[in-house]
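I would like the entire structure built from these sequences, with the hints used as guidance.
There are 2 protein chains.
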Amino acid sequence: MLIVGELINSTRKSIAAAIEAKDAEAIQKVAKDQEDAGADYIDVNAGTFRDKEPEYMKWLVEKVQEVVQVPCCIDSPDPRVVEAGLSVHKGTAMMNSISLEKERYDSLIPVIAGTDLKIVALCTSDAGMPKTAEDRINVAEELANALVKNNIKLENIYVDPLVQPVATDVNFGREFLTAIEQIMTRFEGIHTICGLSNISFGLPERKFLNRNFVVMAIAKGLDGAIMDPLDRRMMTNIITAETLAGRDNFCMNFLSAYRAENLEM
Amino acid sequence: MLIVGELINSTRKSIAAAIEAKDAEAIQKVAKDQEDAGADYIDVNAGTFRDKEPEYMKWLVEKVQEVVQVPCCIDSPDPRVVEAGLSVHKGTAMMNSISLEKERYDSLIPVIAGTDLKIVALCTSDAGMPKTAEDRINVAEELANALVKNNIKLENIYVDPLVQPVATDVNFGREFLTAIEQIMTRFEGIHTICGLSNISFGLPERKFLNRNFVVMAIAKGLDGAIMDPLDRRMMTNIITAETLAGRDNFCMNFLSAYRAENLEM
Chain A
23 MLIVGELINS TRKSIAAAIE AKDAEAIQKV AKDQEDAGAD YIDVNAGTFR
73 DKEPEYMKWL VEKVQEVVQV PCCIDSPDPR VVEAGLSVHK GTAMMNSISL
123 EKERYDSLIP VIAGTDLKIV ALCTSDAGMP KTAEDRINVA EELANALVKN
173 NIKLENIYVD PLVQPVATDV NFGREFLTAI EQIMTRFEGI HTICGLSNIS
223 FGLPERKFLN RNFVVMAIAK GLDGAIMDPL DRRMMTNIIT AETLAGRDNF
273 CMNFLSAYRA ENLEM
Chain B
23 MLIVGELINS TRKSIAAAIE AKDAEAIQKV AKDQEDAGAD YIDVNAGTFR
73 DKEPEYMKWL VEKVQEVVQV PCCIDSPDPR VVEAGLSVHK GTAMMNSISL
123 EKERYDSLIP VIAGTDLKIV ALCTSDAGMP KTAEDRINVA EELANALVKN
173 NIKLENIYVD PLVQPVATDV NFGREFLTAI EQIMTRFEGI HTICGLSNIS
223 FGLPERKFLN RNFVVMAIAK GLDGAIMDPL DRRMMTNIIT AETLAGRDNF
273 CMNFLSAYRA ENLEM
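Top to bottom, those sequences are chains A and B. Numbered according to the numbering used here, the first sequence spans residues 23 to 287. Numbered according to the numbering used here, the second sequence spans residues 23 to 287.
Don't read these hints as lab results, they were simulated from the structure. Just so you know, not all the hints are guaranteed correct.
Examples of chain B residues toward chain A, derived with CB under 7 Å [as the list claims (entries may be wrong)]: (1) 230; (2) 237; (3) 262; (4) 287.
We put the CB at the ideal spot given by N, CA and C, even for glycine.
So, in C-alpha cells, the structure goes:
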C-alpha cells in the first residue's frame, strides 16, 4: 500500500500559519512524523495562498526534503505551482492531480508528459463528479489512455475514483468499490488511490467508518491512500487488511507490527 | 446479513455439560442471549455425543424453541440427527450442512429434497478441501445444480466456501474472497455464509483479524455468517460494513445502532 501523508496542507490552520511565518521547524516536524509513521510520499499543498502558491510550494518542498528521505507529492491543479515544486524537488515526485476537466488537463499535460512522475488521475471530467462505477471507469479509461499517449507509464498512474458520502446516496460506497475492482482488473499494472474521509460525511463515528471503508477497498484491490499516517488505528487496519488480502508474505508485516506493539485496535 | 448464532455447540465444555445434565435453563439462556443480540438462526450441535446425538438434538431443538422466536440451524452431517431435529422443529429450519462428499451427500439428499429448508452447502468434495477460488466455485456450481435438481430453491442455498488460515498460505484469504464474489455474481439469488475464525489460525490478535476479514468479505458480497452474535465488536463491524456496502437504506441501521449505543469499536 502506497501511503501519501496528507497533513501538510494549508487548509489546516496550523500549517497555513507555519507557511506564512516561514516556520520551517513546524513543517519539518509534520513531515518527519509522517515519514516515521510509514508515509511513502509527503503531500505538500499551499492552495489557500493564491498568488504566493508557487513560491510557498518551492519553500515547502525544500524544507520537507531537508528532513525526510521519501519524495513529495506536489498537490495543486495549477501548472505554475507544479512546475515551481518540481524545479526544486530532488528524486521522483508524485503529482496530485490531473483530471479530464479540459482546462486542467490541457494546462498540466505539458508539465508532466514524458516524465517519470507518479500521477494522481482524478475520475472527473467537465461532465462533473462521477456517480456510478461506470462513470468512473469511463473517465479512468479515457484519462489513462491519454496519459499513456503522452509517454506516462501505466504503472505510474494512480487513479482516484473519488469517494462520495454514503449518507448522500446509499449506493455511493458500493459504486466506488466496484470501480476500484474494475479499474485494477481491466488495466493491468495501473494503481488506485483515494482519500477516505468523504465516505463518512454526514454520519457519526466518522473515523470508524473511514477505517472500515479502507479495509473494504483493499479487498477490492485499492493499493494507495492519501491519509493521515499518524492515525494508528487506520494504519493498523491497512496492515491487517493487506495481510488478509494476500499481500503480506508469511504475514511478516503483521507479525512485525504486532511484535513492535505498533498495532492499535 | 443473516447471522447464525454458533454458541450452542457440544464442543464447548459448558454446553456439553448442560446437555448431559439436561439443564434446559442453561441452554435457553444461551439461545435467548443470541436472539437478543441479533441472531437470525440458533445453531444447535450435539456432535460430540455419538450414540445419543439424535436424542440430544431433539431435546435441544425443543428447549431452544420454547424461548426464542427465530428458527434453529440443525447442525450435523448425520441424516438421522437432522431428521430427529426436524421432527420436532416448528417453522422452517436451516440445515448445516451438506457437501459434495459422496457419502454425506447421498445420505442427506433424501432428508432435504423438496423441502423449504435453508441449506448450508460446503465447498468440499471427496477430492478434499478447496485451495483456490476456482476449486470452490467448481464445487459450488456442481452442488448448487444438484440441490436445485432435488427441488431446493436456489435462494435457500447458503454456500460456505470454507475459510482457511492465511498463516498457512498467504493466498488463502484472497482465494476465499474471490470465491465469494464469483459465487454471488454467477448464481444470482444464491447466498454465501461462513465461519470466520479459521482465517486467523496461527496468528496473534485473532478476533481483530476475524472482524476485519468479515468486513472484506461483505465488500465481496458475503451475506451470511456463522458466528458469536454476543461479540459486540464483530457485530459493529458487520453493521458498519453493510452500511458502507450499500445495504442500509438511509444508513438507518447504522444510525439506530449508534443512537442505541450499540456500536462497540
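Okay, the hints, checked on the actual structure:
no., hint, in the structure
1, 230, "holds (5 Å)"
2, 237, "holds (5 Å)"
3, 262, "holds (5 Å)"
4, 287, "holds (5 Å)"
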